[in-house]
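Using the sequences and the hints given, assemble the complete structure.
As they're listed, the protein sequences go chains C and H.
Using this note's numbering, you'd call the opening residue of the first sequence number 23 and step up by one each time.
Using this note's numbering, you'd call the opening residue of the second sequence number 247 and step up by one each time.
Just so you know, the hints here were simulated from the structure itself, not pulled from any lab data.
Note that beta-carbon positions come from the ideal geometry of N, C-alpha and C, so glycine has one too.
Any given hint could be a false lead.
A few chain H residues that face chain C, going by a derived Cβ cut-off under 8 Å, partial list only [to be verified]:
1. Glu250
2. Met291
3. Glu298
4. Asn303
5. Lys324
6. Gln327
7. Ser396
So these bits of chain C aren't anywhere near chain H, every CB distance computed over 10 Å [what the hints assert, rightly or not]:
8. Ile29
9. Leu32
10. Glu45
11. Asp55
12. Lys70
13. Thr89
14. Lys107
15. Glu108
16. Leu132
17. Lys137
18. Leu139
19. His144
20. His145
21. Leu149
22. Glu153
Computed spacing ranges between beta-carbons, pair by pair [what the hints assert, rightly or not]:
23. Leu265/H x Glu151/C: 18 to 26 Å
24. Phe93/C x Glu257/H: 42 to 50 Å
25. Val382/H x Lys88/C: 25 to 33 Å
26. Asn94/C x Phe294/H: 24 to 32 Å
27. Val394/H x Lys104/C: 23 to 31 Å
28. Val34/C x Gly361/H: 44 to 52 Å
29. Lys104/C x Ala321/H: 31 to 39 Å
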Amino acid sequence: MDIRQLITMLCVLFLLSGCMPNEYKFENRTEEDAGKAEELLKKDDRVKGVAALFHDDHLLVGIRVKTFSRFNKRDIASEIEKQLKEEYPDLAVFVSADSKILNETNKLILKKDEKGLKKQIHHLISLAEEET
Amino acid sequence: MDKEKYAKLEEGITPKPPLLKNCIKAFLVGGTICLIAQFIALFYMTFFDFTERTASNPTVATMIFISMLLTGFGAYKKVGQIGGAGGAVPITGFGNAVVSAAIEHRSEGFVLGVGGNIFKLAGSVIVFGVFSAFIVALIKTILVKMGVISW
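Structural data, given as structure tokens:
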């Protein structure tokens with residue numbers, strides 16, 4: 023195998039390994055029933071990845087929409103937020119299609135640390151609401 | 247020799263520009279610049295408090311900074327030679343236009359030379375951008391006031 027083939031193969035490997043798995047993650051740390059949200063998000067065929075975190079009185083949801091739905095991802099997020107608010111009237115629901123929110127929610131789910139979690143959730147929401 | 251005859255002669259002699267080849271080159275070079283910018287945006291999103299929406303501002307600033315450095319070192323003209331419009335249309339082309347004008351007129355002094363000529367190439371872009379933004383905002387304001395659309 024000459025060096026060019028090797029470089030091409032490495033490039034392809036790097037590119038493919040960059041593909042993030044599209045998964046649905048739901049972490050429930052409240053008394054609420056997470057099944058309703060799970061069902062709602064899984065049957066929406068414009069959404070291909072979800073990270074949802076139920077904590078105290080907050081529901082933080084980061085979604086990844088399919089490539090060609092990205093043009094109106096804000097509308098999709100606000101639509102889902104409205105539906106989730108109907109399902110969970112007691113929780114403060116926040117849905118965002120921004121990849122930053124998805125990544126950070128995944129990190130919060132993995133962290134398992136309850137301390138300062140609420141502060142971080144508030145920080146994320148304020149970040150997502152920034153205009154410029 | 248009349249006008250038509252001359253035009254015919256000129257058409258025969260002038261070499262045909264390889265249009266498709268140029269287009270492909272411009273596509274690849276412009277795409278590579280945008281790929282680099284995408285990685286920079288990802289960097290700002292991963293390590294700083296920027297979202298997809300807000301990461302565009304520091305990314306644009308970084309890309310302009312890089313293209314200014316490359317222009318100063320004489321590397322950006324090679325990109326422009328290969329890529330053509332692919333190197334000129336992204337924001338890096340704007341940085342190149344500003345800095346190359348500044349470098350060109352450095353010998354005439356800092357005020358009348360650099361200061362007076364730095365926006366010679368890119369100034370029209372800024373004026374056109376500001377002016378068209380003003381017009382669009384005016385139209386939108388009128389439409390919102392009339393109740394046709396909302397903000």
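For each hint, the structure was consulted:
1. The beta carbon of glutamate 250/H comes no nearer than 50 Å to any beta carbon in chain C, farther than 8 Å, and the hint placing it at the interface is violated.
2. Annotation: interface hint on methionine 291/H holds; nearest CB of chain C at approximately 5 Å, less than 8 Å.
3. Because the beta carbon of glutamate 298/H sits about 5 Å from the nearest beta carbon in chain C, less than 8 Å, this interface hint is met.
4. Using the Cβ-Cβ criterion of 8 Å, the hint placing asparagine 303/H at the interface with chain C is satisfied: the shortest such distance is roughly 7 Å.
5. The interface hint given for lysine 324/H is broken, as the beta carbon of that residue sits about 22 Å from the closest beta carbon of chain C, more than 8 Å.
6. Given hint, glutamine 327/H at the interface with chain C, is violated; its Cβ is 25 Å from that chain's nearest Cβ, farther than 8 Å.
7. At its closest, the beta carbon of serine 396/H sits 14 Å from a beta carbon of chain C; the interface hint therefore is violated under the 8 Å criterion.
8. Every Cβ of chain H is farther than 10 Å from the Cβ of isoleucine 29/C; the closest lies at roughly 16 Å, confirming the non-interface assignment.
9. At roughly 17 Å from the closest C-beta of chain H, the C-beta of leucine 32/C stays outside 10 Å, upholding its exclusion from the interface.
10. Look at glutamate 45/C: its CB is around 19 Å from the nearest CB on chain H, clear of 10 Å, so calling it non-interface holds up.
11. Once the 10 Å rule is applied to beta carbons, aspartate 55/C is consistent with being away from chain H; the minimum gap is 30 Å.
12. In this structure lysine 70/C is separated from chain H by more than 10 Å, as the shortest Cβ-Cβ distance comes to about 16 Å.
13. The claim that threonine 89/C lies off the interface holds: its Cβ sits roughly 14 Å from the closest Cβ of chain H, which is beyond the 10 Å cut-off.
14. At roughly 21 Å, the least C-beta separation between lysine 107/C and chain H is larger than 10 Å, which holds for a residue marked as non-interface.
15. Every Cβ of chain H is farther than 10 Å from the Cβ of glutamate 108/C; the closest lies at roughly 23 Å, confirming the non-interface assignment.
16. Distance to chain H confirms leucine 132/C as a non-interface residue, since its nearest Cβ pair spans about 15 Å, more than 10 Å.
17. No beta-carbon of chain H is positioned within 10 Å of the beta-carbon of lysine 137/C; the least distance is around 20 Å.
18. Even its closest Cβ contact with chain H, about 17 Å, leaves leucine 139/C beyond 10 Å, as expected for a residue assigned away from the interface.
19. Every Cβ of chain H is farther than 10 Å from the Cβ of histidine 144/C; the closest lies at roughly 13 Å, confirming the non-interface assignment.
20. With a minimum CB-CB distance of about 8 Å to chain H, histidine 145/C fails to clear the 10 Å threshold, and the non-interface call is violated.
21. With a minimum CB-CB distance of about 6 Å to chain H, leucine 149/C fails to clear the 10 Å threshold, and the non-interface call is violated.
22. Remark: the non-interface label on glutamate 153/C conflicts with the geometry, its nearest Cβ contact in chain H lying 8 Å away (cut-off 10 Å).
23. A hinted range of 18 to 26 Å for the beta carbons of leucine 265/H and glutamate 151/C is inconsistent with their spacing of about 47 Å.
24. Between phenylalanine 93/C and glutamate 257/H, the C-beta spacing of about 44 Å keeps the proposed range 42 to 50 Å intact.
25. For the pair valine 382/H and lysine 88/C, the beta carbons lie near 30 Å from each other, so the given range of 25 to 33 Å is met.
26. Between asparagine 94/C and phenylalanine 294/H the Cβ separation comes to about 27 Å, which falls inside the hinted range of 24 to 32 Å.
27. Between valine 394/H and lysine 104/C the C-beta distance comes to about 24 Å, which sits within the given range of 23 to 31 Å.
28. In this structure the hint that valine 34/C and glycine 361/H lie 44 to 52 Å apart at CB holds, the actual value being about 50 Å.
29. Distance hint check for lysine 104/C and alanine 321/H: the Cβ-Cβ separation is about 51 Å, which falls outside the suggested range of 31 to 39 Å.
In terms of the numbered hints stated before, the structure departs from hints 1, 5, 6, 7, 20, 21, 22, 23, 29, listed from lowest to highest.
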